[in-house]
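Under the numbering used here, the first residue of the sequence shown is numbered 41, with each subsequent residue one higher.
There could be a bad hint or two in this list.
As the list claims (entries may be wrong) - DSS-like cross-link-like pairs, simulated, lysine-lysine; straight-line CA separation at most 25 angstroms:
| no. | residue 1 | residue 2 |
| --- | --- | --- |
| 1 | 218 | 261 |
| 2 | 293 | 331 |
| 3 | 293 | 78 |
| 4 | 248 | 218 |
| 5 | 324 | 78 |
| 6 | 293 | 324 |
| 7 | 293 | 319 |
| 8 | 188 | 78 |
| 9 | 182 | 141 |
| 10 | 324 | 152 |
| 11 | 218 | 186 |
| 12 | 152 | 78 |
| 13 | 319 | 78 |
| 14 | 186 | 141 |
| 15 | 248 | 78 |
| 16 | 261 | 182 |
| 17 | 188 | 218 |
| 18 | 293 | 261 |
| 19 | 261 | 152 |
| 20 | 218 | 203 |
| 21 | 138 | 186 |
Since the hints were derived computationally from the structure, they do not count as laboratory data.
These numbers come from a predicted model, not from an experiment.
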Amino acid sequence: MSESTRVRSMALCRLTVAGALCLIMGAFTPLRAQEKRKFTVYGSIVYRDLSTSGSEDPYVTPEVAERYGIQPLSLVFEQRLLDVDKSHPHNSKVDVGKIDKVAMETLTTPHKLVSLDMESWNRFDTVGTPGLYLQVIREFRKLNSKSKLGLYAVVPQVTYGWKDEVPAKYGPLNAAYKSVAAAVDYFSPSLYNWERSMSDANWERAAKYSIQAAHGYDASKPVFPYVTPEVTRQGTTTFLTYGQMLFRLQTLKQLGADGCIIWTGTTQGRKAGGTFDPKNGWAKAVVDFQKHLIE
Numbered sequence: 041m042s043e044s045t046r047v048r049s050m051a052l053c054r055l056t057v058a059g060a061l062c063l064i065m066g067a068f069t070p071l072r073a074q075e076k077r078k079f080t081v082y083g084s085i086v087y088r089d090l091s092t093s094g095s096e097d098p099y100v101t102p103e104v105a106e107r108y109g110i111q112p113l114s115l116v117f118e119q120r121l122l123d124v125d126k127s128h129p130h131n132s133k134v135d136v137g138k139i140d141k142v143a144m145e146t147l148t149t150p151h152k153l154v155s156l157d158m159e160s161w162n163r164f165d166t167v168g169t170p171g172l173y174l175q176v177i178r179e180f181r182k183l184n185s186k187s188k189l190g191l192y193a194v195v196p197q198v199t200y201g202w203k204d205e206v207p208a209k210y211g212p213l214n215a216a217y218k219s220v221a222a223a224v225d226y227f228s229p230s231l232y233n234w235e236r237s238m239s240d241a242n243w244e245r246a247a248k249y250s251i252q253a254a255h256g257y258d259a260s261k262p263v264f265p266y267v268t269p270e271v272t273r274q275g276t277t278t279f280l281t282y283g284q285m286l287f288r289l290q291t292l293k294q295l296g297a298d299g300c301i302i303w304t305g306t307t308q309g310r311k312a313g314g315t316f317d318p319k320n321g322w323a324k325a326v327v328d329f330q331k332h333l334i335e
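Please build the complete structure, drawing on both the sequences and the hints.
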């Protein structure tokens, strides 16, 4: 082999190896980016606080929650937004005075997510109901355009777990709320522990469908699904294990959610002895998951 041939061969070899390395590095870059993508846990935890030995606090304060990586949010129920008709909930009316008051209150803490929970209206009335949500959002925006605003289980609509008919039933329903989806800052599908979705595989299918539906509206907007540690079967409330909660958090991240909202507000949960113990059970899973993300 001549000297010039040998030099060309060595140069080609170096080029080939470099190219291969670039391809390999390129293949792993998206994975690394995905692994480091920010996942934020928000929460409203109305359980007894066991984070400090002997604590008598009736519920977990936002300061304690933040200590364990759970960010605060402003969760606003419909009684503070609507003139609720208890006899005929579908007839509940938008209350401008109430909405204005909430808008001004939340404006004092603009770093918090604002999540509006309005469940009285008939969600299957795709002619009138989307416009009612838009009225609330527009009124809120008149006085508070700084807070990040979302709706509980509206865009996309809650499926109450998974059944094979979910896509056919909820696809058209979600499409009818496209204008509402355009008006919010983030999406919050509900992924609670309905009896028919308690198997990991079943819950995962519901989560995958809901997150894909949210991304179908606008892939640039964050998705923060609602999750809960509570499980109620035939009137008896228990709580997720460490493994069950960790599975939910890991699955949401893998499916492309930007975080989640942990909610523990039911009377049944408190009566069943709901506690926040960062050293045990579902709460420890949240703490461990957050530590892994930070590291």
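Checked hints:
no.: 1; hint: 218 <-> 261; in the structure: holds (14 angstroms)
no.: 2; hint: 293 <-> 331; in the structure: holds (14 angstroms)
no.: 3; hint: 293 <-> 78; in the structure: holds (9 angstroms)
no.: 4; hint: 248 <-> 218; in the structure: holds (19 angstroms)
no.: 5; hint: 324 <-> 78; in the structure: holds (20 angstroms)
no.: 6; hint: 293 <-> 324; in the structure: holds (18 angstroms)
no.: 7; hint: 293 <-> 319; in the structure: holds (23 angstroms)
no.: 8; hint: 188 <-> 78; in the structure: holds (17 angstroms)
no.: 9; hint: 182 <-> 141; in the structure: holds (12 angstroms)
no.: 10; hint: 324 <-> 152; in the structure: holds (24 angstroms)
no.: 11; hint: 218 <-> 186; in the structure: holds (22 angstroms)
no.: 12; hint: 152 <-> 78; in the structure: holds (17 angstroms)
no.: 13; hint: 319 <-> 78; in the structure: holds (24 angstroms)
no.: 14; hint: 186 <-> 141; in the structure: holds (15 angstroms)
no.: 15; hint: 248 <-> 78; in the structure: holds (19 angstroms)
no.: 16; hint: 261 <-> 182; in the structure: holds (21 angstroms)
no.: 17; hint: 188 <-> 218; in the structure: holds (18 angstroms)
no.: 18; hint: 293 <-> 261; in the structure: holds (15 angstroms)
no.: 19; hint: 261 <-> 152; in the structure: holds (16 angstroms)
no.: 20; hint: 218 <-> 203; in the structure: holds (23 angstroms)
no.: 21; hint: 138 <-> 186; in the structure: holds (18 angstroms)
The structure shown violates none of the earlier numbered hints.
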